[in-house]
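Please construct the entire structure, taking both the sequences and the accompanying hints into account.
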Amino acid sequence: MIETKGLRKSFRSRQGREKKSVDAVRGVDLVVAEGEIFGFLGPNGAGKTTTLRMLATLIEPDGGEANIAGVDLRTNPAEVRRRIGYVAQGGSTWDESTAREELVLHARMYGLGKAEAQRRAVRALDAFQLTEYADRKCKTYSGGQRRRVDIALGIIHEPKIVFLDEPTTGLDPQSRAHMWDEIRRLRAEGMTVFITTHYLDEADALCDRIAIMDHGEVVAEGTPAELKREISGDVVLVAIEGSAEDAGKVLETESYVTKLETSDEGALRLYVNDGARDMPQILRALDGAGIALSSIELHRPSLDDVFLTKTGRSLRES
Amino acid sequence: MKFARDTWLIFQRQFLLLVRQPVWLFVGIFQPVMYLLLFAPLLKPALQASSNAEAYRIFVPGLLVLLAIFGGLFQGFGLIAELRAGVIERSRVTPVSRLALLLGRSLRDVVSLIAQAIIITVLALAFGLSVFIGDLLLAYLMLALIALMTSALSYGIALVVKSEDALAPLMNTIAQPVLLLSGILLPLNFAPGWLQGIADWNPFSWAVDGARALFAGDLGNDAVWQGLSVMAVITALAVVWAAREFARSVR
Numbered sequence: 001m002i003e004t005k006g007l008r009k010s011f012r013s014r015q016g017r018e019k020k021s022v023d024a025v026r027g028v029d030l031v032v033a034e035g036e037i038f039g040f041l042g043p044n045g046a047g048k049t050t051t052l053r054m055l056a057t058l059i060e061p062d063g064g065e066a067n068i069a070g071v072d073l074r075t076n077p078a079e080v081r082r083r084i085g086y087v088a089q090g091g092s093t094w095d096e097s098t099a100r101e102e103l104v105l106h107a108r109m110y111g112l113g114k115a116e117a118q119r120r121a122v123r124a125l126d127a128f129q130l131t132e133y134a135d136r137k138c139k140t141y142s143g144g145q146r147r148r149v150d151i152a153l154g155i156i157h158e159p160k161i162v163f164l165d166e167p168t169t170g171l172d173p174q175s176r177a178h179m180w181d182e183i184r185r186l187r188a189e190g191m192t193v194f195i196t197t198h199y200l201d202e203a204d205a206l207c208d209r210i211a212i213m214d215h216g217e218v219v220a221e222g223t224p225a226e227l228k229r230e231i232s233g234d235v236v237l238v239a240i241e242g243s244a245e246d247a248g249k250v251l252e253t254e255s256y257v258t259k260l261e262t263s264d265e266g267a268l269r270l271y272v273n274d275g276a277r278d279m280p281q282i283l284r285a286l287d288g289a290g291i292a293l294s295s296i297e298l299h300r301p302s303l304d305d306v307f308l309t310k311t312g313r314s315l316r317e318s
Numbered sequence: 001m002k003f004a005r006d007t008w009l010i011f012q013r014q015f016l017l018l019v020r021q022p023v024w025l026f027v028g029i030f031q032p033v034m035y036l037l038l039f040a041p042l043l044k045p046a047l048q049a050s051s052n053a054e055a056y057r058i059f060v061p062g063l064l065v066l067l068a069i070f071g072g073l074f075q076g077f078g079l080i081a082e083l084r085a086g087v088i089e090r091s092r093v094t095p096v097s098r099l100a101l102l103l104g105r106s107l108r109d110v111v112s113l114i115a116q117a118i119i120i121t122v123l124a125l126a127f128g129l130s131v132f133i134g135d136l137l138l139a140y141l142m143l144a145l146i147a148l149m150t151s152a153l154s155y156g157i158a159l160v161v162k163s164e165d166a167l168a169p170l171m172n173t174i175a176q177p178v179l180l181l182s183g184i185l186l187p188l189n190f191a192p193g194w195l196q197g198i199a200d201w202n203p204f205s206w207a208v209d210g211a212r213a214l215f216a217g218d219l220g221n222d223a224v225w226q227g228l229s230v231m232a233v234i235t236a237l238a239v240v241w242a243a244r245e246f247a248r249s250v251r
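Residue numbers (full-length UniProt numbering), protein chains in the order written: chain H, 1 to 318; chain X, 1 to 251.
Bear in mind the hints are in silico, worked out from the structure with no lab data behind them.
Be careful, since some hints might not be right.
Dumping the calculated DSS-like pairs for lysine-lysine here, alpha-carbon to alpha-carbon at most 30 Å [unchecked claim]:
#, chain 1, residue 1, chain 2, residue 2
1, X, Lys-2, X, Lys-162
2, H, Lys-20, H, Lys-5
3, H, Lys-5, H, Lys-228
4, H, Lys-5, H, Lys-19
5, H, Lys-137, H, Lys-114
6, X, Lys-162, H, Lys-19
7, H, Lys-228, H, Lys-310
8, H, Lys-160, X, Lys-2
9, X, Lys-162, H, Lys-139
10, H, Lys-114, H, Lys-160
11, H, Lys-249, H, Lys-310
12, H, Lys-249, H, Lys-259
13, H, Lys-20, X, Lys-162
14, H, Lys-137, X, Lys-162
15, X, Lys-2, H, Lys-114
16, H, Lys-114, H, Lys-139
17, H, Lys-228, H, Lys-259
Okay, here's the thing in structure tokens:
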């Protein structure tokens with residue numbers, strides 16, 4: 001549904017007297033399949049929004065190619081516009097308009113007739129549980145309601161693909177859960193959904209496939225499960241009552257420990273192939289050496305571990 | 001066809017939002033009425049006009065041109081608010097005509113200006129102004145061109161600078177010399193030769209001369225076609241440029 005090759009964009013910016021060129025996106029290759037929720041995961045400033053805006057025809061790429069819903073982005077952006085929907089991060093509604101007015105206008109900007117636009121607006125208001133507020137001004141809506149209007153605007157013309165830029169940023173946990181349901185519903189209706197997010201749990205729970213982006217490049221791509229499997233094995237965190245170093249010496253020699261890190265606070269980080277099978281052995285080894293431990297935890301690898309391995313940083317820190 | 005339809009669509013939306021905020025009407029009428037009531041009485045002696053009607057015939061067209069220039073130049077502020085709300089970006093993702101995004105808005109400005117001009121003309125008629133309807137309509141055409149030009153310019157500049165903080169001083173800087181050098185408030189007949197020389201380079205002084213000739217019933221005066229042509233050419237340039245700004249990547 002979407003295929004890009006070497007998509008690039010740089011911006012000129014000025015720092016003091018010096019003019020600098022910043023490479024926001026440096027060669028992105030992506031394949032997004034029909035009917036999936038594809039997630040772009042990465043810290044702020046990674047180039048997610050810039051890539052999305054290029055795919056949505058809002059900025060012109062400096063180089064590379066993209067085919068979107070069967071149309072070439074570089075040669076026929078007008079046709080791309082007809083086939084996609086785009087929901088910006090910062091919202092898109094006018095304070096003094098009502099949701100119904102916005103929906104009708106937006107549908108008509110896609111060339112629909114007045115009667116058809118009104119029918120679609122009614123349907124969209126109903127689907128997004130907005131009927132009750134349909135004729136109130138947008139400035140009276142809650143954050144979650146307003147976000148739902150944004151999404152409804154993005155799909156009013158029934159596009160094949162919808163791009164959602166950080167659809168849940170700034171929403172409270174409940175509205176966020178609602179939004180996930182809405183996005184899954186779009187997929188169920190046969191739409192391809194392309195979202196950006198910097199929430200690990202969102203990428204994990206919502207997306208069929210994700211691409212991890214950092215410094216303008218895709219550093220990993222796959223299903224969340226695949227990516228986590230790449231980080232071979234599990235992590236066992238052990239907190240020691242006495243000297244962590246002594247405990248480290250004991251565990252170092254155990255064959256199932258693939259890697260061992262000692263942290264300052266007397267905790268050990270053990271990388272093992274299968275945490276559930278290896279934990280009893282760890283306990284036995286420590287017990288045999290007479291070392292008492294205050295806690296032991298098993299961690300399945302998270303997408304943050306994937307990010308950490310690929311970039312050397314934690315997404316939570318960046 | 002699509003372009004005309006799109007323009008009408010944007011115009012309807014903008015016009016609806018405008019009439020929903022009737023404050024603009026009050027503000028838009030109050031100020032020119034103050035000029036008529038408080039400034040015009042000075043004019044008869046200052047211009048050595050033979051009658052009030054004579055003084056209004058010189059002053060009212062100038063006042064209307066002034067309103068068209070200022071009314072247009074400050075429309076960009078509304079666009080910056082729309083940019084910030086994401087309305088412009090949302091429009092640009094659709095296949096809607098970019099020229100329509102501009103013209104729909106500018107035509108709303110033209111219509112509201114002409115409404116204002118009609119009210120002021122009617123008031124001035126009550127004060128003794130007299131003008132032929134045909135001449136008046138041509139003068140309104142001149143005003144429409146000016147409003148279209150200045151609002152298009154203002155939208156274009158708003159899209160470039162993207163901030164009220166930059167737009168306000170910029171617009172004031174443009175408006176002030178334009179105003180002083182156009183002979184709007186007082187005819188430049190009184191000006192020394194060098195000042196008149198500079199004023200000849202101000203396109204709006206051509207517009208004011210043309211409008212004054214029309215209000216004087218002097219349809220055959222060269223100033224009429226000259227003023228209209230100068231305005232038409234600059235308006236076309238301004239619209240083309242601003243529409244390109246709507247089409248360009250905004251970031």
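Status of the hints after comparison with the structure:
1. Note on X:Lys-2 and X:Lys-162: the hinted pairing holds, with a Cα-Cα distance of about 29 Å set against a maximum of 30 Å.
2. Annotation: proposed proximity of H:Lys-20 to H:Lys-5 holds, straight-line Cα distance about 25 Å (limit 30 Å).
3. Between H:Lys-5 and H:Lys-228, the direct Cα distance comes to roughly 25 Å. Compliance with the 30 Å bound is thereby established for this hinted pair.
4. A C-alpha spacing of about 28 Å is found between H:Lys-5 and H:Lys-19, which places the hinted pair at or below 30 Å, so the restraint holds.
5. Among the hinted pairs, H:Lys-137 with H:Lys-114 is consistent with the structure: their alpha-carbon atoms are about 21 Å apart, no more than 30 Å.
6. Between the alpha carbons of X:Lys-162 and H:Lys-19 the distance comes to roughly 20 Å, so the proposed pair stays at or under 30 Å and holds.
7. With a C-alpha separation of about 12 Å, the suggested pair H:Lys-228 and H:Lys-310 falls inside the 30 Å cut-off, and the hint holds.
8. Between H:Lys-160 and X:Lys-2 the alpha-carbon distance is near 23 Å, which keeps this suggested pair within the 30 Å criterion.
9. For the suggested pair X:Lys-162 and H:Lys-139, the alpha carbons sit about 22 Å apart, so the restraint of at most 30 Å is met.
10. Our distance criterion of 30 Å between C-alpha atoms is met by H:Lys-114 and H:Lys-160, whose separation comes to about 22 Å.
11. Restraint check: the Cα-Cα separation between H:Lys-249 and H:Lys-310 comes to about 28 Å, which is no more than 30 Å; the hinted pair holds.
12. With a C-alpha separation of about 12 Å, the suggested pairing of H:Lys-249 with H:Lys-259 holds against the 30 Å cut-off.
13. Distance restraint check for H:Lys-20 and X:Lys-162: the Cα-Cα separation of roughly 21 Å lies within the 30 Å cut-off, and the hinted pair is therefore satisfied.
14. Using a Cα cut-off of 30 Å, the hinted pair H:Lys-137 and X:Lys-162 holds, with the two alpha carbons roughly 25 Å apart.
15. For the suggested pair X:Lys-2 and H:Lys-114, the alpha carbons sit about 14 Å apart, so the restraint of at most 30 Å is met.
16. Between H:Lys-114 and H:Lys-139 the CA atoms are separated by roughly 25 Å; this keeps the pair inside 30 Å, and the hint holds.
17. With a C-alpha separation of about 17 Å, the suggested pairing of H:Lys-228 with H:Lys-259 holds against the 30 Å cut-off.
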